[in-house]
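Student: Please construct the entire structure, taking both the sequences and the accompanying hints into account.
These protein sequence lines map, in sequence, to chains A and B. The letter at position 543 of the first sequence is residue 542 when you use numbering that gives the first Met the number 0, and the numbering goes up by one with no holes. The letter at position 228 of the second sequence is residue 227 when you use numbering that gives the first Met the number 0, and the numbering goes up by one with no holes.
Treat identical chains as interchangeable: a pair holds within one or across any two.
With a straight-line cut-off of 20 Å between C-alpha atoms, the simulated EDC-like cross-links for lysine to aspartate or glutamate are: (1) LYS212 with ASP589; (2) LYS212 with GLU690; (3) LYS693 with GLU214; (4) LYS674 with GLU383; (5) LYS677 with ASP220; (6) LYS677 with GLU219; (7) LYS212 with GLU468; (8) LYS677 with GLU392.
These are calculated hints, taken from the structure and not from any lab test.
Protein chains: 2
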Amino acid sequence: MNTSQVVYLVPSVAVLALVYAMIRAAWVQRQDPGDQRMQTIGTWIADGAMAFLKREYRSLTIFVVVVAIILAVSNASVSATQHTNGLIAVSFVLGAFCSALAGYIGMKTATAANTRTAAAARTGLNQALQVAFAGGSVMGLAVAGLALLGLGGLFAVYLRMYPTALEGGDATSLVLNILSGFSLGASSIALFSRVGGGIYTKAADVGADLVGKVEAGIPEDHPLNPATIADNVGDNVGDVAGMGADLFESYIGAIISSMILGATWFVGLEAAQAGTGMHAVYLPLAVAVIGVIASIIGFFFVRTQEGGDPQQGLNRGTFIAGLLMVLGTVAAIKMMIPAAGVRVSDLIAGEVTYSWWQIALAVASGLAAGIAVGLLTEYYTATEREPVGTIVESARTGAATTIIQGIAVGMNSTSLPILVICAAIVSAFECAGLYGIAMAALGMLSTIAIQLATDAYGPIADNAGGVAEMARMGRDIRARTDKLDAVGNTTAAIGKGFAIGSAALTALSLTAAFLTKMQGEVSINAADPYVLVGLLIGCMLPFRFSAMAMVAVGVAAQDMIQEVRRQFREIPELRPALDAAQRAESEERDPTDAENEIIRAADGKADYSHCVAIATSAALQKMIAPGVMAVTAPVVVGLISVNMLGGLLVGVTISGVCLAIFQANSGGAWDNAKKQIKDEGHAKWGDELEEMHKAAVTGDTVGDPFKDTSGPSINILIKLISVVAMIIAPLLYALHFGS
Amino acid sequence: MNTSQVVYLVPSVAVLALVYAMIRAAWVQRQDPGDQRMQTIGTWIADGAMAFLKREYRSLTIFVVVVAIILAVSNASVSATQHTNGLIAVSFVLGAFCSALAGYIGMKTATAANTRTAAAARTGLNQALQVAFAGGSVMGLAVAGLALLGLGGLFAVYLRMYPTALEGGDATSLVLNILSGFSLGASSIALFSRVGGGIYTKAADVGADLVGKVEAGIPEDHPLNPATIADNVGDNVGDVAGMGADLFESYIGAIISSMILGATWFVGLEAAQAGTGMHAVYLPLAVAVIGVIASIIGFFFVRTQEGGDPQQGLNRGTFIAGLLMVLGTVAAIKMMIPAAGVRVSDLIAGEVTYSWWQIALAVASGLAAGIAVGLLTEYYTATEREPVGTIVESARTGAATTIIQGIAVGMNSTSLPILVICAAIVSAFECAGLYGIAMAALGMLSTIAIQLATDAYGPIADNAGGVAEMARMGRDIRARTDKLDAVGNTTAAIGKGFAIGSAALTALSLTAAFLTKMQGEVSINAADPYVLVGLLIGCMLPFRFSAMAMVAVGVAAQDMIQEVRRQFREIPELRPALDAAQRAESEERDPTDAENEIIRAADGKADYSHCVAIATSAALQKMIAPGVMAVTAPVVVGLISVNMLGGLLVGVTISGVCLAIFQANSGGAWDNAKKQIKDEGHAKWGDELEEMHKAAVTGDTVGDPFKDTSGPSINILIKLISVVAMIIAPLLYALHFGS
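Tutor: As structure tokens, then:
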């Protein structure tokens, strides 16, 4: 592979991924959408999801325009002569657009795939898996494809505008600086999608449960509950679009920061070395391209058979993609890096020569760490494993001990993932300096297409189960969707661990990029009290951010509760239907024909769209405060002291990753403890299990915002803060050290 | 004040404090111990507390002997020619002994003061306050006195052994190095008392409640419950001895680290400056002496009147002591520091001249920060304030929302205290470099005698209420002890905030001392991946430590539950008495005379001492694992890389302080939310308040280990790790950089 060819290869492979995404999306659309009732339910969910996206993107457009103007104006003071002011804003807008478009495509397909998965479950387990996974793979391919198309396309255009950038040096740094606007754009969407989506999904969930299940006494997911659709929409909004935007941001962040670190590797070395300088800049793009191709090949290995374990099918695809990625990366690096190795000047490691295999090892260590963190997450949150077992045991003595044990499991579960991440950092650094750490982050993320496909499969399978429930499908069909859904819980847990791990490494890479952009003027020696203060404040921010997200869920849920109560009160057809449904539920039997008559008469009378609108506006409104905090913190601290800002970046990352793992795993473990008690209950339900289940439900309710709102939002916080720092670095440099 | 006079002044003032402590203790003993029943209850509690101390000190003796031998042997390899090997072990043993003795004296008086406070409450509110506060002040004076006697005495002896140390330079460093063993001794006791005591108090509490209240249906604190005494003992063990050992450790750590930092200030400067060198070494001792005198004067201002607010009485004493301390410090510094200021060489600030007022300002900033953190803690945890109000509100929708809101309040409450600590760090550093930060820690702790007196007052008042309850005293007397107890809750909350703040600053000072002892060979630049990994692991440790402490409480409580159940089953007199008590309780009435007959027949049949023994051995056994982790982590990491160890120290401190504030304030807020609902309930108790109260009880049960076990234990973790690092610094230096 010739180095400059990579520049044009990137958009080509991106287009390939997008074409394949379209093929898969078309295939999903062609599948049987099920009977009339299933289609109606599907339409409600799809319309609700799109309504959220529309409102979100409307707010986003204003945000993006304002920030773009600020970027264009503020950067002018730093490098006016180079006319980069407008270009960085262009990168920013395009980054936001690509991430938003990927979210739109992914969600469109996911909301089509849910009913079709339920319909395919009538035929067989593998058929249903194929539809659900195809739906998820569209999200994965759209994210990888649009990320590479946008970033690669912009890079190619900017290289034509600044041809000297091809030789490395200042022009390359300039181009990469412009390009980093793309990263900020991706972060903006991630903030809205992940934080807003996280608030949405849990506000709808809590609102639907509290009024429907607790107050009105009707079953979960019942069509009479106006918030039911919002609840299902929430799964898509939070777990499909939110997760997609989160990983899109990490992916872009890892690529750009490794390019920036690669570009500065050769600064200060003799001109003779400069020729090899661009290898390190192109390499991240090459690894990304290989990851996409490996993922697409991996897709073909995802299958299962009737009675088989869908998890194994998903694992096979992921592991094959990982293996191919490593092999491809080894080959590419061997081609691009001279046999004698590259002599580089690393900010920390100093002047040193790295061989091709060392760089390959750095990439592989990131991938290995990603897999290890995922598997550890699974261990701590899976049913029938020891950690969840201790929570089940503690449920015997009530809700309080369930909560304490769940918190203990979550806090304890930080140890091994942190040690894995530490091992990856040290080995990547020993292999290839700071650049190695960024390449490790990229190695973790390079197979994003199949990783995200597996993640997005989860909520599709979950929705399919909901549709099957609402459409009153047969027991054997429900058994199939349940099986897919159970696997979805595991992939969701693994996906969360993976998202946290990659966010941590990406944030550290972005921090390293920030340091190099500050041209060595920033020292983050923790013995310097200003750095220490930055570390302390950074350490505190995820706590405050989590608190804000948790409170936001509570407040948004209140709005939802009011609305559902209003509809129950004001819509005349609902009252008799609710009474009939509640009567059947309280007597623990299916509704009689007469009752069903009354219930069906109220079909479609509940105003789902109004609940969707309420969840949407509440979510978007409540994410403003934490969002503003995340954006302004690095700016304010950076104006006070750049060393303090450096400390802030490190502090927020290390504390954020611990807090995110703790919250995600506590939440996941509580969820599965509840499930395990329920499963045991099928065999021998009694008073004790009833009480245990109640305690576990309390645990799960506490865990919901932990694992779906505040926990995942921390990923965004730590990346957004470091992206903002990286973007304002030239400005801060000019301000504190003269231009 | 002449500088070398300080050396002899320290033991003198220490003796003064101890004599005054003895006078106060004798006064407490002379008070009316109440009627026969009160005296019996008091004896049970006192015996239980002593039984715990005896067992604890027996285990400790083994631990201290083993560590002393290791210290004597291992340090031999570093400085064998200077015969310091044995001396550091001597310092260590004496440090452990002084802290243990302070705990013994404090607890002896506290367990005598509880019944006497209840008895004095028969006379009046001020009388009861005087007894309770006198009991607490013995603890405060014993800690300050024994700390200064041990440390000051050793320093005087070592100065005589190494007379050249009086001139500054290497001999001074050597003496201070030997002296720092005293700090490790104090830390060992703190580990056992705070972690073991924290496990004890909550295991007894949970065990007593679950079997007594829930299973047997008898009231809280009922004499028939064999775990009742263990529960009351726990308050003394955890909140008197544990808190005392915690602050003893901080106090010693702050004094020694500022002495070490002061000694290295003049290294590298011309000999002409060396004459002023010892000022900075003596100054911490002078500030400590002034703080003790100021505290003793403050004691005289603690009083209240019938119908008055005891809180105001306590505050008056504390504020007057603080004011006197600042005035005294200003005077002392003005005398000891030349008018032209001192020219110093700070590890971070470089060569710089500091005036006397700058050093005074550093001390004052620490005191101000301590007060501010305390007041903020009060705001976040007090009834009728907004944070607790939001938890009360969330209790309307059940236990899950109560837990979520409580966690949010705790996480949110980290922000302002962290910013206060940051402000103190920056201003202290700007005033007087790294030495300034250590002096700020000392400023916060210098009035420890009165601070700790106020802290220890809380559990005494709490116990007095318990004694009044068990001895069935009149309603107006109960109202007085309740009032004292309510104030005790507030002082406990403030004390916790204060302990966390001072632990954070002390740990940072100890870290700075570690860095200076490593003679500039350790760089904690967070851009160095090894430092980063140290930060990450450090950040994770408090999470794991908290999880271990929480799980330990659960396991220890199980042992207690088994024992109480066994006694109920096997002791023949208990069954009929329990039935009678339960019948009265379930019918919500006082027992009839006939029932009382049966109940009193069982008096003294419950085997309290066995429950005390079980709580004791469970607590001491369960603290081994977290203790071992705290001691070995810095050793293992230090052997791998000293830079990583530097990162570890910073990481564990910044994450530990956030996690400790979060847990302490969540726990405190839940406790008071329960209290507020109960208080409202007196006016208009109904089904809704009943449900809210249940939810709040769940919150409080979760909060119990948070605020009394895992939260406070983190203080010990962060200090112990940095003390161990400081102690092994010469060894690590020899190992990594040659001797």
